[in-house]
Every structure is written in structure tokens, then in C-alpha cells.
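2 protein chains.
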Amino acid sequence: MAVAEKIKGFMEKSSWIRKMFEQGTLLKAQHGPDRVYDFSLGNPNVEPPEAVHQALEKCLREKKAALHAYMPNAGYPATRKAIAGFLTREHGLAFSEKEVVMTCGAAGALNVVLKALLNPGDELIVLSPYFVEYLFYIDNFQGVPKVVATGPDFQPDLSAIEQVLSPKTKAILINSPNNPTGKVYGASAISGLAELLTQYSRKFGQAIYLISDEPYRKIVYDQVEVPSIFQAYSESILVTSYSKDLSLPGERIGYLAVHPQAPDKGDLIEAMTFTNRILGFVNAPALMQWILPELQGLTVEVALYQKKRDLFYQALTRMGYELIKPEGAFYLFPKSPLPDDVAFVQALQEELILTVPGTGFGSPGYFRIAYCVPDATIENSLPGFEKVIKKFT
Amino acid sequence: MAVAEKIKGFMEKSSWIRKMFEQGTLLKAQHGPDRVYDFSLGNPNVEPPEAVHQALEKCLREKKAALHAYMPNAGYPATRKAIAGFLTREHGLAFSEKEVVMTCGAAGALNVVLKALLNPGDELIVLSPYFVEYLFYIDNFQGVPKVVATGPDFQPDLSAIEQVLSPKTKAILINSPNNPTGKVYGASAISGLAELLTQYSRKFGQAIYLISDEPYRKIVYDQVEVPSIFQAYSESILVTSYSKDLSLPGERIGYLAVHPQAPDKGDLIEAMTFTNRILGFVNAPALMQWILPELQGLTVEVALYQKKRDLFYQALTRMGYELIKPEGAFYLFPKSPLPDDVAFVQALQEELILTVPGTGFGSPGYFRIAYCVPDATIENSLPGFEKVIKKFT
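Chains as they are written, first to last, in the numbering used here: chain P, 1 to 393; chain A, 1 to 393.
Treat the hints as calculated values from the structure; they're not laboratory data. Model, not experiment: these values are computed from the prediction. There could be a bad hint or two in this list.
Because identical chains cannot be distinguished in the list, a pair is counted as satisfied if it fits within a single copy or across any two copies.
[As the list claims (entries may be wrong)] Taking lysine-lysine pairs in the BS3-like style, the calculated list, with each CA pair at most 30 Å apart, reads:
1. Lys-168 / Lys-13
2. Lys-98 / Lys-390
3. Lys-218 / Lys-146
4. Lys-146 / Lys-307
5. Lys-28 / Lys-64
All chains, please: the whole structure from these sequences, using the hints.
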């Protein structure tokens with residue numbers, strides 16, 4: 001067999017996702033792409049702030065020598081310094097460039113972090129619903145995922161987490177604002193988690209790291225605050241990207257940051273700089289690194305996403321869908337009116353509506369709607385959503 | 001321990017490299033960076049062709065919608081199609097975009113390929129001297145490297161390769177023009193290798209893949225031809241990047257291509273598109289993908305590198321260094337006048353000359369000089385090279 005058995009297995013197991021994707025492609029071919037309401041992908045439709053292109057144009061105009069050359073594997077010191085300055089303001093803690101490693105997006109950062117941390121068999125706690133790719137990332141390094149369901153409000157369930165903590169627990173990975181729920185983990189959840197990790201780190205005589213995947217940190221509504229993990233817990237690692245807040249997902253630019261007072265900070269950063277290299281990332285794309293110092297704190301127009309959320313949330317609620325109101329990101333995660341979420345998503349497909357079953361996020365019985373699409377797509381899809389829920393209730 | 005044991009071990013084992021690097025940094029701090037002759041890094045000093053920036057500026061001026069958005073994990077179809085067209089002309093075989101996957105450089109491509117191919121314990125043949133990172137990449141997927149030394153002229157030694165071929169052999173990885181030797185593997189070596197692999201694939205009842213890492217393909221001198229692996233062998237996979245031929249190493253843009261007649265082509269491409277995703281690369285940087293269709297076949301001014309090669313090769317030969325004349329890339333790989341190459345490299349450091357011991361490439365007794373530096377650096381370093389060889393002969 002040409003392809004490695006594990007990869008073959010992964011692909012077969014996820015073949016239903018591919019089948020749905022293929023059905024979607026087929027529907028678009030049959031009915032025209034504009035007649036199909038595609039809510040299946042988290043591909044931001046809001047354009048980057050104008051400042052991004054201004055910075056790119058300026059950078060090209062000034063044409064520094066070695067603009068596209070290799071730089072240290074951790075990234076340009078000036079870029080890391082600018083980010084450290086931003087983190088200092090954002091988290092009220094003094095960061096230096098030594099705590100920041102530039103990465104190929106948050107996905108790259110997460111792999112770099114896990115490769116540096118995980119021995120084969122080490123356990124990593126993941127909260128469901130979780131971002132689809134996490135289990136693959138953990139498996140890349142022979143880690144063992146311990147999936148813990150969040151509560152009915154999608155907040156971390158501390159007592160359920162406590163039950164899986166063990167001497168093999170290397171870290172817990174959280175994602176807030178959350179994909180797929182849009183939930184922001186609250187201040188009490190984060191401080192409770194920090195207390196729990198402190199207690200069990202002491203009990204087991206080794207640090208349990210808190211890894212926080214925060215690419216949606218800036219996409220929040222109604223002045224919701226995303227609590228700072230750095231304020232809460234010293235053995236914490238942030239991974240993030242500019243994919244959503246600057247709408248640059250295709251450019252693969254992000255970073256990781258380690259708590260300035262993490263006891264093993266030096267070792268960790270050195271190891272992550274090394275894993276960034278040996279995983280084949282080598283460094284984050286150079287041109288994007290050059291422009292970042294000018295773009296710290298900038299965000300796409302979040303109000304545009306909020307309008308979509310309000311429109312969609314209100315309409316679905318009115319129709320009888322059960323869902324929590326997202327506080328951030330650009331996803332809705334309603335309960336599936338049918339117990340079988342895959343069947344329900346297929347019923348939506350008959351109305352030319354593409355969504356993703358909750359099963360893919362470790363939460364069967366729900367489905368995800370990505371609303372980072374034109375308003376008209378949302379509006380025109382509503383009759384279809386209504387027709388399908390009426391069929392089943 | 002915070003850092004995974006294996007990573008800690010890797011870092012300790014390569015601590016002598018870091019120590020040398022730190023000595024180099026120290027020397028630059030003490031004497032000023034201009035007084036230190038740094039030949040340790042393969043960071044191209046020739047600027048990209050003007051067309052690269054013209055294409056970038058045009059792309060930004062035309063500002064397509066979703067310029068920086070996610071695209072299919074394999075890359076933009078138009079980019080892959082342009083590359084397929086180039087490969088068709090270059091290799092005299094009809095390629096389509098279906099055989100091309102865009103990657104974060106050749107390093108990203110290699111990891112994507114190895115993740116898709118290797119079961120734990122599968123063997124991969126590597127020829128020494130080899131690019132330093134190969135052993136890490138193979139270990140990333142629990143592959144087992146089988147290192148086979150090349151002959152005295154740095155050409156593949158077919159009978160030595162035949163001796164390690166086994167039912168566990170999944171592939172052989174070659175790199176030509178070679179880093180660190182600058183050697184181009186000749187047409188007879190490639191056709192001999194193809195015959196051997198065909199014979200043993202049949203014998204073991206499973207394909208042995210030929211993976212060719214060719215980022216220096218365009219950096220060749222004296223009209224040397226780099227033989228086409230695609231012409232020689234159908235179960236072959238090319239990995240490459242624009243890091244050297246367009247001087248864009250910091251941008252992490254490259255691709256992999258599978259032979260159009262490889263029997264498992266469909267499975268392989270699907271698997272590699274998937275591993276590109278789950279390794280956290282997700283896709284190759286978008287902006288660089290946009291400009292590639294306009295840049296196919298373009299190359300930096302190779303004559304500038306050739307001039308450096310000639311200058312350096314002639315001067316070192318005259319001094320009594322033993323070395324082959326490189327046919328491509330931008331490295332010299334002389335014999336170390338001392339049996340202990342690390343000691344010799346340290347002796348060069350005393351003359352403020354930074355090079356890398358052959359030990360790092362699996363070939364003790366040699367040392368590598370990267371001559372992608374200003375001509376003046378080469379010229380000014382020559383008295384130091386002469387002084388050190390005189391000391392030991």
C-alpha cells in the first residue's frame with residue numbers, strides 16, 4: 001500500500017465528511033454556486049483592514065535588502081518585539097520578544113507547541129465541542145486526547161475535567177471564543193481552571209500546561225471580555241494567528257507566546273523554536289512578518305459579523321431552533337432537531353444549505369453554521385431552514 | 001520535565017552545533033559582523049528577480065477579493081496549473097494540476113510526503129552527505145533512516161544502496177544538486193537507481209518510491225543538466241521550492257509533484273493534501289501562490305553564484321585544499337585537512353571564518369562552506385583559509 005496505514009484510516013473515517021463535501025460540490029455544479037447556501041467553512045468574508053495593503057505596498061516600495069531571506073527560526077526580532085509590546089498592553093504583564101515565536105498560523109503554532117511538549121502517551125485534555133483538527137494534531141505526536149464535554153452552556157465543566165487529570169496529563173487545550181459554539185469561556189471558568197491546574201500540578205509534582213488557542217479573541221460582540229490566561233496562570237501558552245482578526249487565513253501567519261514567568265520558559269521557547277524548524281515550517285512567512293509591527297491591535301470590522309450573528313440568531317430562534325447566542329467568532333451551533341445530526345444536515349442539503357454535523361466536533365446532536373458569508377446568503381437561506389425544521393417538529 | 005524527552009535529547013545532541021553558532025555570534029559581537037566571514041548558512045544573498053516584486057505590486061494593485069483567504073489545501077488551481085505546465089515542458093511528460101500540491105517550502109513538502117508515506121518502522125534510504133534536517137524529518141514519522149554513503153565523487157553508490165534495500169524500504173530520498181557537496185547526480189546514476197528500484201519493487205511486491213528534493217535545480221553551472229527523475233522512474237515524487245531559484249526562502253513557498261503515471265497517484269495526492277492540512281501547514285502562503293503563474297521558469301542571476309564558485313574553488317585548490325568542483329547549488333565541501341573536522345572548523349573560527357563540520361551532514365572529515373555571500377567576504381577570508389591549512393600541512 002502506497003499511503004501509510006494510519007493516514008489511510010483517517011481518510012476512510014472522515015470519508016463521510018468528504019462525501020458531504022462532494023455532495024455540496026455537486027449541488028453547486030447542478031444549481032450554480034449562487035443558489036447553494038454554503039455555511040460549511042470558516043473562511044472570513046470580511047476583507048482585511050485597508051492598513052494591511054498599505055503596509056504591504058510600503059514594504060515593497062521601500063524594498064529592504066534580504067526582504068524575503070531566512071531570518072532566525074523564531075522570527076524577526078522587531079516583529080516579535082512589537083507583538084510583545086501588544087501582549088504587554090493586552091494582558092497587563094511585561095512580555096519581551098524572547099517569549100514570542102512567529103509561526104505559520106495558529107495551526108502551525110499548535111503543532112510546534114505539542115511537538116515540544118508531548119512524550120508518546122502523554123495525555124492532553126480537550127473540551128468538546130472542539131475544533132475538528134485538534135485530535136489529528138495530538139495524534140501527530142502520539143499524544144492521547146482526553147475529551148471532556150463542556151456543560152450545557154458550553155462552559156468548561158471543572159469537576160468533569162478534574163476527573164480526567166492524571167500524572168500523565170501534560171496540558172489542557174482550550175479554544176475561546178470557541179469554534180464551533182461561539183462561546184467565550186468566562187472569567188470564573190478560567191480562574192477555576194487555573195486553580196485546578198495549580199492544585200494538580202503540585203499534587204503530581206509536575207506542571208500541567210494551559211494552552212489557549214485564541215484566533216477569535218478580537219471577534220467578540222456586546223463588549224464581552226475574553227479573560228486573560230496569562231493573568232490567571234503562569235504555566236500558560238497562547239497560540240493565535242492573524243487569520244480572523246486581520247482576515248489573512250491564507251497567508252499562514254500567527255505566533256505563540258509563553259507566560260513571562262513560566263518556570264521553564266527558556267527551555268520551552270528554545271524547544272519550540274527548534275520544533276518550528278524540524279517540523280518543516282522553518283519560519284513564518286517573511287513578508288507578513290515585516291508588516292505586523294504596523295498592524296498591532298488592528299481588527300477587521302467586527303460590526304459586520306455582529307450584524308450577521310444578530311440576523312441569523314434571531315431568525316433561527318424565531319423558527320424554533322434551540323441555540324445559545326454566540327459571544328464571539330462567526331459560528332452558530334444549534335441543537336439538531338433530529339437526534340441524528342448527520343441526517344439533519346443531509347435534510348438541510350436538500351434545501352441547498354451546507355452545514356457541518358456536530359459529530360465532527362465531538363458533539364453529536366448539534367450542527368455548525370459558519371456565518372462569515374454575505375448577508376444575502378443568510379437571508380436567502382432562511383426559508384430553507386424554516387422548511388426543514390417544520391418537517392421534523 | 002517541561003520539554004518532551006526526545007526533543008530535549010535532540011537539542012543536547014546538537015548542542016555542539018549551537019555552541020559553534022554561539023561562538024560565531026560571540027565573534028561577531030567582539031569583532032563586528034563585517035570582520036567575521038560567515039559561510040555557515042545557506043541564505044541566498046542574490047536578490048530575487050525584479051519580476052517578483054513587479055508581480056507582487058501588480059497583485060496588490062489589482063486587489064482581488066479574498067486575496068488572502070483560505071483556498072483548497074492543495075493550493076489555487078490556477079497556480080498548480082501553471083506549475084503543471086512548467087513541469088510538462090521541463091520533463092517532457094504531460095502534468096496536470098492534479099499532480100501538484102502547493103506547500104510551505106520544500107521542507108514543508110518533504111514532511112507532507114513522509115507523513116503520507118511512512119508507517120512507523122518503515123525504512124527510508126538517505127545518501128550521505130545529506131541535508132542536516134532529513135533525519136529529523138524521518139524521525140517525525142517514526143521512520144527508520146538507512147544512511148548509505150555516496151562514492152568518492154559524491155555520486156550514488158548503487159551497490160551500497162542495493163545492500164540496504166529490504167521489504168521495509170518505503171522510499172529513497174535524494175538531493176541533487178546536492179547540499180552540501182554541490183554535486184549533480186548524473187544521468188547514469190539516476191537511470192541505474194531507477195532500474196534498481198524497479199527490480200526490487202517487483203521482488204518485494206510493493207513500490208519503492210524515489211523522492212527527489214530539488215530546490216537547487218536551477219542553480220547549476222557550465223550547462224550541467226540535472227537528470228529528470230520523472231523521465232527515469234514512474235514511482236517518483238518531486239519536492240522543491242522557490243527559496244533558491246527566486247531567492248524567497250523566508251516566504252516558505254514550494255510544491256510537491258507526483259509522477260503523472262504513478263500507479264497510486266490519486267491516493268498519494270489525496271493523502272498529501274490531507275497531511276498538508278493535519279500537520280498544521282493548512283496551505284502554502286496565498287500571496288506567493290498568486291504571483292507564481294507569472295514567474296515560471298524565471299531564475300535569479302546564476303552567473304553571480306558561478307563567479308563566487310570559481311573564485312573560491314580556484315583559491316582553495318591553489319592553497320592545497322582537496323575538493324570537488326561543485327556543479328550546482330552554492331556550497332563547497334572540501335576535505336578537512338585534519339581528520340577531526342570539528343577541530344578544523346574551530347581552527348577556522350580562530351581566523352574569524354565560520355563553516356560547518358561535515359559531521360553534521362553525516363560525512364565526518366569534510367566541512368561545508370556556503371558561498372552565497374558577497375564576493376568581498378570570500379576575497380577577504382582567503383588569507384585566513386591559507387593560514388589555517390598551512391598550520392596543519
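Comparing the hints with the structure gives:
Both within a single protomer and between protomers do Lys-168 and Lys-13 lie at most 30 Å apart by alpha-carbon distance, with minima of 27 Å and 26 Å respectively. With identical chains, the CA atoms of Lys-98 and Lys-390 are never at most 30 Å apart, being 57 Å at best within one copy and 43 Å at best between copies. With identical chains, the CA atoms of Lys-218 and Lys-146 are at most 30 Å apart within one copy only, with a shortest distance of 28 Å there and 49 Å across copies. With identical chains, the CA atoms of Lys-146 and Lys-307 are never at most 30 Å apart, being 36 Å at best within one copy and 59 Å at best between copies.
Only between protomers do Lys-28 and Lys-64 lie at most 30 Å apart by alpha-carbon distance; the minimum there is 22 Å, versus 45 Å within a single protomer.
Checked against the numbered hints above, the structure violates hints 2 and 4; every other hint is satisfied.
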